[in-house]
Structures are given as C-alpha cells and as structure tokens.
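What follows is the residue order along each chain.
There are 2 protein chains.
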Amino acid sequence: MQMPAPDARIMERRAQVASRLRAVLSPGAVIDDPVATRAYECDALTAYKCPPLAVVLPSSTQEVAAALRVCHEEGVPVVPRGSGTSLAGGALPTADSVVLGVARLNRVLETSPEDRFIRVEAGRTNLSVTGAVEGLGFFYAPDPSSQLACAIAGNVAMNSGGAHCLKYGVTTNNLLGVTLVTMEGEVLEIGGAHMDPAGLDLLGAICGSEGQLGVVTEATLRILPKPEGAMPVLVGFDDPVTAGACVSGIIEAGVLPVAIEFMDRPCIRATEAFAGAGYPDCEALLIVEVEGSEGEIEEQLGAIEAVARRHDPVELRRAKTPEEAAAIWLGRKSAFGAMGQLGDYMCLDGTIPVSELPRVLGRIEALSREYGLEVANVFHAGDGNMHPLILFDANADGQLERCEALGAEILRLCVEVGGCLTGEHGVGVEKRDLMGVQFGEGDLEMQMRVKDVFDPGWLLNPAKVFPLGASEGRRA
Amino acid sequence: MQMPAPDARIMERRAQVASRLRAVLSPGAVIDDPVATRAYECDALTAYKCPPLAVVLPSSTQEVAAALRVCHEEGVPVVPRGSGTSLAGGALPTADSVVLGVARLNRVLETSPEDRFIRVEAGRTNLSVTGAVEGLGFFYAPDPSSQLACAIAGNVAMNSGGAHCLKYGVTTNNLLGVTLVTMEGEVLEIGGAHMDPAGLDLLGAICGSEGQLGVVTEATLRILPKPEGAMPVLVGFDDPVTAGACVSGIIEAGVLPVAIEFMDRPCIRATEAFAGAGYPDCEALLIVEVEGSEGEIEEQLGAIEAVARRHDPVELRRAKTPEEAAAIWLGRKSAFGAMGQLGDYMCLDGTIPVSELPRVLGRIEALSREYGLEVANVFHAGDGNMHPLILFDANADGQLERCEALGAEILRLCVEVGGCLTGEHGVGVEKRDLMGVQFGEGDLEMQMRVKDVFDPGWLLNPAKVFPLGASEGRRA
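In order, the protein sequences belong to chains A and B. Start counting the first sequence at 1; every next residue gets the next number (the UniProt record's numbering). Start counting the second sequence at 1; every next residue gets the next number (the UniProt record's numbering).
Excised from the complex, chain A in its bound form (with noise of 0.2 angstroms):
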C-alpha cells in the first residue's frame, strides 16, 4: 500500500478538522478553500508568509471555546489574530495551524462614564473604542500608528504604544480586566473595572503575552476624559546628540507632554522632499505636545521652552493656532510614508532609558557608517521607544542580511544600556531568536513555565515569542 501524497494528506487533514469545526461554529465561519486561505497567510510583516490549514471567525466567546475544545482535541497549533497589522510577525500562520480571527467580535458590551471604563469585544478597532465614548466626552489613550485597523485583541497582545503613551502609558496601564479563553477551552475572567484584584494577578502576564497564553475574546478598557485642547511646539537642533539631552532635560524637569516625538536630519529631508512641511534645515528637531486648559498649555509650553532654549535650538518654533498645530505635525505624520519613497527600510523597535539616548543616537550613527547603511531615525523620543530606519535595496545583493546583522546589533546595544529589545510591537517571529540577548535562561526557563500552565501541549500561536530550539523542544 502506498503513502498518500503529502498534499493528499493535508487536504485530509484540513477536511476532517474543518468538518468538526463547521459542527460546533456558524454558518460561514470556516474558511479552507485554499485561494481563500491566502489573505491569512501573514500580517504586516509581509517578507514572511504561510497560508493556514484553515481560519475560522467565531461571533462570540462560546464559539471562540467551541472552535479552541476541537482544535485541542485534534491536536492542531491555533494562531489567534486581530486585524494583521503585527510588524513583528506576531500572526503569521504555519501551514499545520488554523488561524482564528476575532474580527466579528466588535460590539461595544458596557459603557461607564462614572467609573470611566468601557467594556468591548476584543475585534473592535482601537480607534472605534474612542469612538464609541467620545459623544461622552471620553477618549482611549493608546494610540497605535495603525489604530484606524488595528483590533484591541492584538493591542493587549502586544501591549501596544503610540504617541499619546508618555502621558498615558501604554496599553497594560489601560487594560483593567479580560475574558480569556485558554486552549482547552476554559474561560476565564481576569481583572474588571474595580480597583485592585484579590489573589494573583495574571492581567499583567497576559497583557503583551503575543497570543500564549489564550484567546482574549472581551475586554475592559480604562476611558480618560478629553483634555480641553492640545498644542505643540518645534524644537530644532544642530545635531542629535544635543537634541537628545534636551528630552532628558524636558522630563527631568518634571513636565510630562503627552508627546515627545524625535525626527533626525535623514528623516526630515525626506519628509520635506515628500510633504513640504515647512522644517528647519537641521539635524534634528523635537516635536512636544502638551494637552489641558489654556492656562495649562501656557505654563507647560513655557516651562519646554525654557529648558530647549538651555540646549541653543537653531528654531524653536510654537503653535498658536490649530492650523499652525497642523503644520507641525503634518511631517510627523507623513514620516513613514516618505521613507517608504526613498526604498527599502526595515523598522526597528526598542526601549532605552531616556537618558542614553544621547549616546545611542551616538552610537547608531558610528554603526552605521560602520556597516554602510543609512539609519533614519523618528520615534517616541518621550519614554525612549526608538524606532530607527534602516535603508536598504533589498534587490541589491546581501544588503538585507548586512541590514539584519545592524538591525540585531542596535537592539543588543539598546539592552546593554539596560533597555529592551521591543517597545510596542512584540518579539514575534521576528526577535525570538533574540530573546537570549535578554533574558538568562533561568528567566526564560521561567516565562516558559507560566506558558506551560496555560498552554501544556504549546499550541497556542507556535513558534513564537521565545528561542524557536526552546519552544520547538517543549512541545516536543
């Protein structure tokens, strides 16, 4: 008797497991037509890609059990994703997985404005969640670049950032319970709306655990009252260095703007070439928001302005109107877009203490002359969440493996200054290997650990997060 094709075996496979998952989940939600599987086969980091066995879209938290009870019981790896906008590869498939997607989980379920929280499924975008509260006068803080798309699922996954996060911190300081389904199906309730939880607090460990540990289906969200206004000023600099000791100058003295945001001379020439934003022609230039009433807005702009004019900015310019506001943010805002135009990039993604920023700014340019490769850099400069650029053409021969080896040397530098190897967009695929860099092995050995209590057979989102040798030996 002959062995089936390898072919014939996975289009088995996928039928039986798609069969018993039609059986416990809505009509329509079982995707395995082949073609069909291809929108799922990666997220925003494009460069990888694998379509899944099958994808399902569970309506409800039942259905979300349902479909994880039979998956467990076949055995087959699960990858939960929300909209796909990961960078860091965070729901990309393996070709033996069924990727399911909260997308149809997107209903508002409570709304407090007394005790300022709101309570939605966890597919609803980021950017709806503000929407639903701010008739209120209420607004979510985290503010993710892609928060027109992206799903809180895949915020509390990652512990999403954005540029509102200096003032409000990221999401794990906005996240105040979940409903979490575990890979055998159990549901469980962590945190709620009030203060404090009794017992242990798991919140933390599953807020930026990249899919781990369960399928988080809801979600209760701290809401913050709009502030009265906002404004922004300009700072430029003759070089980075100093531009950098200035945002060390600016928290040290105690103001706290709701953004800090760093764009070096790479970056905006690029942005003027691309949006004629009107910057200085300088090395480096600051953006500084602050938010509140009028008064507030005065006495704090004041105080940013004293300390920039310590560091003798070439151009220290203020909003007074909101079309001026515009202006400033308007090359911010197209940053990454007119990167895009110059080639290839690849975006990296760590944390430092603010204080070294100073010498890291130092430090990635020597490392990148070193290995001929351009870095521009725009980044949450406020809490030390770089994002340097690297440039590269990906058809010219070994520029994306010399781009690899800087972009791994930047990060081994932001630990060493005792910073992290991602700030907002997860380890992914992308860092996994990284991770010893890190951690020793009695704290990896440990999270795995933590892992194995929610996850003993290793099937929840595979081949992530940690060294691929170490989660390929534990589910084996």
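There's no promise every hint is true.
Under 7 angstroms between C-beta atoms, here's a sample of chain A residues computed to sit facing chain B [stated by the list, open to error]:
{"no.": "1", "residue": "Glu186"}
{"no.": "2", "residue": "Met195"}
{"no.": "3", "residue": "Asp196"}
{"no.": "4", "residue": "Asp201"}
{"no.": "5", "residue": "Gly208"}
{"no.": "6", "residue": "Pro225"}
{"no.": "7", "residue": "Gly384"}
{"no.": "8", "residue": "Asn385"}
{"no.": "9", "residue": "Gly418"}
{"no.": "10", "residue": "Gly419"}
{"no.": "11", "residue": "Leu421"}
{"no.": "12", "residue": "Gly442"}
{"no.": "13", "residue": "Arg449"}
{"no.": "14", "residue": "Val450"}
These are calculated hints, taken from the structure and not from any lab test. Computed from a prediction, not measured in an experiment: that's the story for all the values here. C-beta atoms are modelled at their ideal positions from N, C-alpha and C, and glycine is treated no differently.
Could you slot chain B onto chain A? The hints should help.
Just chain B now, kept in the frame of chain A:
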C-alpha cells in the same frame, strides 16, 4: 523504644534547620531562641499569633538565596516578612516555618533622576525611599498609612496603596522591576528601568502575590518630580449618599485630585472629640486635595467646588494657607487613633466602582442596623477603596463573631456590585476563605497553577491567599 515528645521533636528539628542556616549566613543572622522568635509571632493583625521555628535575617540577595536553598532541601515552609505591618496576617508564621525577614536589606543601589527611577533593596522603608530622592526634587508616590515603618518588600507583596494613589496609582503602577529569589534559591531579574519588557511580563503577577511566588530582594521604583504645591478643600453634606454622589461627580468631571477622603458622622464625631479639628457637624464630609502650580491648583479647586455646589453642601471650606490646609487634614489623620479610643474595631478593605458609592453606603447603613453594630466609614473615596470600621466590644459575648459575619457580608456586597475583596491590605489569612466569593473554580485553579510553577512544593508563605482546603490539598 519511645517516640520523643512533640516538644523534643520540634527542638531537634529547630536545631537541625538552624545549624544548616548558620552554616550559610553571616554571624547573627539566625534567631532560634524561642523567646527571641516571639518578636516575630504576628504582624499588625495581632488577633492571630504563632511563633515560628526560627527567624533568618539575611543581608544580601545571595544570603536570601542560600537560606531558601537550605529550607527547600529541608522541606521547611518559609514566611517572607518586610516590617510586619500587614493588617491581613500576610506575615503570620506557622509553627513549622522559618520567617525570612528582609529588614537588613535596606540599601539604595542606584538613583537616576534623569530616568526617574530608584533601585533599592526591598527591606528599605517606604518613607526612606522618598527620603533618598527628595533632595533631588523627587518623591515615591504610594504612601500607605504605615509608610514610616512598612518595607518596600511588603508594599510589593500587597500592592499597597495610600491617599496619594488616586492620582499616581498603587504600587503596581510605580514598580518597574524586581529581583526575585525563588523557593529553590534561583535569582530572577524581572522587568527593569526601561519601558515594556519583552516576552511574558511576570512583574504584575509578582506585585500583590503576597509572598506566594518568591522573595523580592530588590526593587526598581518610579520616582516623580515633587509638585510645586498642594491645597485641600473640605466639603460637608447632610447625608452620606449625597457625598458619595459628589465623589462620582468629581471623577466624571475629569478633574484628577491627589486625594478624595471620605468621613461619615460616626467618624467625624469621634475625631472631633479626640482631635478638635473644627469639622462641621454634618452627616458626611469630603477632603479633596489637588496638586500643581498656583494656577493649576486654582483651576482644579474651582472645578471641584462647581461640582460640589450642585450637591447642596452644608459646608465648603477652601484652605488658603498651609496652616488652614493642616487644620483640614488634622482630623482625617487622627481618625484611626480616634476610633481606637471608642473601643475595639475591625477595619475592612474592599473596593467598589466609584459610581456604586451611594448605593453601597446605603446598604452598609442597613446592614449595620440589622447586625446591631455601628459602622464608621473613613476611606479613600476617589478610587473606590473603602475601609468600613466595624465597632464592637471584644469582651461582650458573641460580638466578635457577629462583627466577623457583618464584615464578610460587607465584602460580599463589594464583590456583588463589581468590586473586590481587598484594596490594599491583601488577602493574607484574613480573607482566604472568601476568595471563592470573588473567583470561580477555574480562575482559582489557574492562579494556583501559576503558584505551582514558582513554588512546586507550596512551601512559600503557607496557608495564605488561597482557601485553606485548596492550598493544603495542593501542598499534600
């Protein structure tokens, strides 16, 4: 042959364990004299007492690891202890346990105003952390009432709060990283001074874990710039429910005071008799304090007064000088002392959504009548952390039992309205058997499985946090 008497067996065990501990610790670090160990027989919940087998007072993380390795090999339970100020019996020994006190670990390891953190050994007292940075213009925000005595180790274990936590968050919001020693003596580094850890974020689970996961020997803490000034306003009402509604109104208006403290009539009366603070004779009062520059204080107090006026206050008194501010705070700060003059009391610690304050205050009043025991309320109202004080006579037959039953009923009420069994005191031994009110079996099981990971033998801080039956079953 005769079995040795129980006392002889304990003495033998004590001698064996103490001798092994002495071999790995500095001279004077092991206390096994039964008279001397009596100093460690209880914490601030003095109703429960039990002298331990022995006490160790290590002077470094390495000594903590060495002591834990010995206890692990000997199968001796370990009770970690900060300063012993727990109100929930969090540091209560068992007769077969070694108390591991971290009081000698009290050094400042690193101070960084630029990056706004301080790294200290965990035995350092809360107030002396602020002491180490106030010369630089900074402070450490969480401020439990016991801050003069309590250790950072205990603050981390209980996720401690305080009056300032409405604005600045509780310990978990101000903790950046810890050094944790597991029961097996392994030293783990979790979190750090940078933003957003990669991989699983275990810091949140450790904060508030009440010594169940490991012994925290070092902590990296967020420090904040000292505000320019602070000023309170006192608002009196002719019923407590309206006072509760005013608290919701202030929060909903988007003002963020540093503190909103609440006192009801029984508490006001006792305080006036004790301290003569000049409070109005009314049913409830709020002390609302704001911080910032003169202009910011003016603006915030104006907004608070506008909300207060809509709730028909019988008194509205804004402090204009530091002396007037001190007079307003005098009564609140004397409140617990004043209540102690009235007789015995039990202090509860539940949290509720702020919008439920009016309803919960009404229900507590009804329960107080039903049980025939007076309840006084004095608490941090802004974040819904209630501290009802049940007054009783410990010498009157059955009163303690009635008091305990009423306390449990009030905590059940907190959970019922969407709140939590404990705000800042922890579960300890006091509330372990109420955990089932808060959590489903699956939720508790998942918490216990995480405990399994860190402490497979269930030797750390035994018989606490989890329902007694469950934790004893686990240990066996």
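Problem - Enumerated hints in conflict with the structure, sorted upward - result: No numbers; nothing is violated.
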